[in-house]
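Undergrad: Chain residues, written in single-letter form:
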Amino acid sequence: MDIQEKLQLLTEAAKYDVACTSSGVDRKGTRGTIGSASACGICHSFTADGRCVSLLKLLLTNACIYDCQYCANRRSNDVPRTAFTPREVAELTMQFYRRNYIEGLFLSSAVVKTPDYTMELLIEALRYIREEYHFGGYIHVKAIPGADPALIWRLGHLADRMSTNIELPSETSLLSLAPEKTKPAILTPMRFVQKQMQQSKQELIRYKNATPFVPAGQSTQLIVGATPESDSQIVHLAQGLYKGYTMKRVFYSAYIPTNAKLPMVDTPLLREHRLYQADWLLRFYGFTAQELFKSKDENLTLHIDPKCHWALNNLDHFPVEVNRADYLMLLRVPGIGQKSASRIIAARRIGNLDFPQLKKMGVVLKRAKLFITCNGKMMEKLPWDPSVLEMRLSENYVGGAYTQPSLFDIAPAAIPMKQFAGKQLLLEAASDTTPFLTNIDDSPLPVLPPIEDAS
Amino acid sequence: MPAPDNTKASKAKREVAILFDGSLEGFLCILHAYYYENVSPLIIQTEDNYQPTLDTEEYHILSCSTIATRVQGGIIKKISPQAWHTLSSAYLAAYVEDKYIAMFRYLLLGFRVGAIVDDHLYEDCVLRVHKFARQVGRETHLLTGFCRFEETTNNIYYCPIEPTNYVLPRLAEHFSDRMMNQAWIIHDKKHGKAAVYNGETYVIADVPKDAQVQHTDSEAQIQDLWITFFNSVAIKERVKPKLQRQLLPLYFRKSMTEFQKKPTTRKTLKRKSLISLEQKDLPT
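Keeping their order, the protein sequence lines are chains L and C.
The opening position of the first sequence corresponds to residue 1450 in the numbering used here, with each subsequent residue numbered one higher.
The opening position of the second sequence corresponds to residue 385 in the numbering used here, with each subsequent residue numbered one higher.
Honestly, the hints are just simulated from the structure, not real lab data.
Check the hints yourself; a few may be wrong.
Now the in silico label distances, taken between C-beta atoms and shown as ranges [what the hints assert, rightly or not]:
1. L:Trp1833 - C:Ala478: 42 to 48 Å
2. C:Val480 - L:Asn1801: 28 to 34 Å
3. C:Gln435 - L:Lys1826: 43 to 49 Å
Glycine is no exception: its CB is placed at the ideal position from the N, C-alpha and C atoms.
All chains, please: the whole structure from these sequences, using the hints.
TA: Written out as structure tokens, the structure reads:
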């Protein structure tokens, strides 16, 4: 098999791993070597599915001794098998890097022979790249569950980021779908990496020649939709990983059917998207999983994002006065992110802010205007009613809130038009195809507030 | 720079159309002229782009590096290093009519209020200058990923780009750090400039807009491998061209290998496990 065929097979085998970030470490180039790393990460291309290519994502081999049901490379699956030699991986990486195709290498592997043997191959490949080709760019590598800590220690000093995939969000699922893997086998290397990272940080301060251990932190991946775990369980698990294991990132991957034993339907991508939004709320917006889910066994709403959902359930915190609220409260307003919040904080040192100024500064008011006041005034007159706000917040009014009225529809009951000023739109009588509207089914008042400009 | 005295002096200032040579030095000298030669710009324009009108007096600025250095020092000291960075980025932005006057007003405001000029986020001139700077920063960042080098026969890696803004100085800075042990040329075809790096330092020179390069034999093979990788890494079930276009506009694709070239060799793989991993295939 020539290198091109191998590359095709082993890329296709690796593509389901979603992590492709090259961020988290800033490293200048040094004379005589090639490569640097940039903390913000650099995307080098975007594939047809809209994902970024920043790292050369490869499996060292796809010949696996395990039989995990969710995985395309499982032992019982009838696919061609092949393997790169460590030298080939190193050569490919360098040739691509010299042409600025990639930001670095993402090397993973199926478990061949034993976890330790696989780890030795990975170390060999990374050692070539770092020590023979003097590569200073980014390397993300997988730690193989069940490998010897000494090997993980060695690998961690060659890589920037290390990850161990949990894949299945609960122990029961793990037991049923990946019987050869155990929870301790996954969590032990994670804990080990975390401890070594802490130790390495101190060593770097103390000793001149200390080398950093996994400077860009570790990450993991969860498959969503192959097993029956709820979003609440997944987000609580992610929070546990961020807090307990100082995880840099948790990735979520909507399950793509690869095996007849598992549900053959695609998990909706929207669910994956909502999980990422919740993840961002945990990491950058000061939310906790407990706030996002009132009860256990609850899923995130699909028609509005988790932040809006939280705001609607906690209307007592709103409206927020832009000229006074602290940074953390501004961050909790739907539609205001870190950038807008810090701009508001900076600009209000100069003078009082009003809505036109906010707009000028680039604060997106589409959702925010429903939850903020400037000098005590709202932007629009709106009934302070969760169901009306919810309708305004729904993305594209999903759920059929806006539908083409038919001539043959029964005219809706008289709608009190005087109640709200401004342009009015009549909604046809709330039907049972609109799940989130059902709670206001009895009231004859499905009145939509004015539509804002598509800005 | 002295503290601007804009109470009495500004009343007496002559209102003129200021013309300069388009260099950053020239632009900084306008500030000097404003404070010391009592002229106030109605418009600021480069000499090439200026359309003379009957009722405006022209005032030509002579670039002077000593004055420019003084003004630069003044900006860093009296406003902030951050403001200097913003301004020099904005200077690289593609030409629009109000670019220089916005930059000028930004500096005037800066000298009046100091470092907090960057917090005046609803002032038009500040917004404009930030926007220009952001535009340059953004394009630089995208191109650090999107530009592609090709190996040429004399062992120099050649990279053609066609950026909207003049981002070449910023790109050269990035790649002189990254590709430290290889010689390269980044050729900005739009502005007719090229950054040439010999393994130690780089220079930016004027170069004709079209240039011929001779590729090495292995170059096509590597490009094939890259295209193979690029096509295989996409998940077929999740194809989303609209998102791809949003993140990687067609504009950049003109000079990107994976969008411009078709692989010269294409192989179809046998689906069944006719190819199986033998013990001898395993690396030892």
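Undergrad: Does each hint fit the structure? Answer for all of them.
TA: Consistency of the hints with the structure:
{"no.": "1", "hint": "L:Trp1833 - C:Ala478: 42 to 48 Å", "verdict": "46 Å, holds"}
{"no.": "2", "hint": "C:Val480 - L:Asn1801: 28 to 34 Å", "verdict": "31 Å, holds"}
{"no.": "3", "hint": "C:Gln435 - L:Lys1826: 43 to 49 Å", "verdict": "45 Å, holds"}
In the structure shown, no violation is registered for any of the earlier numbered hints.
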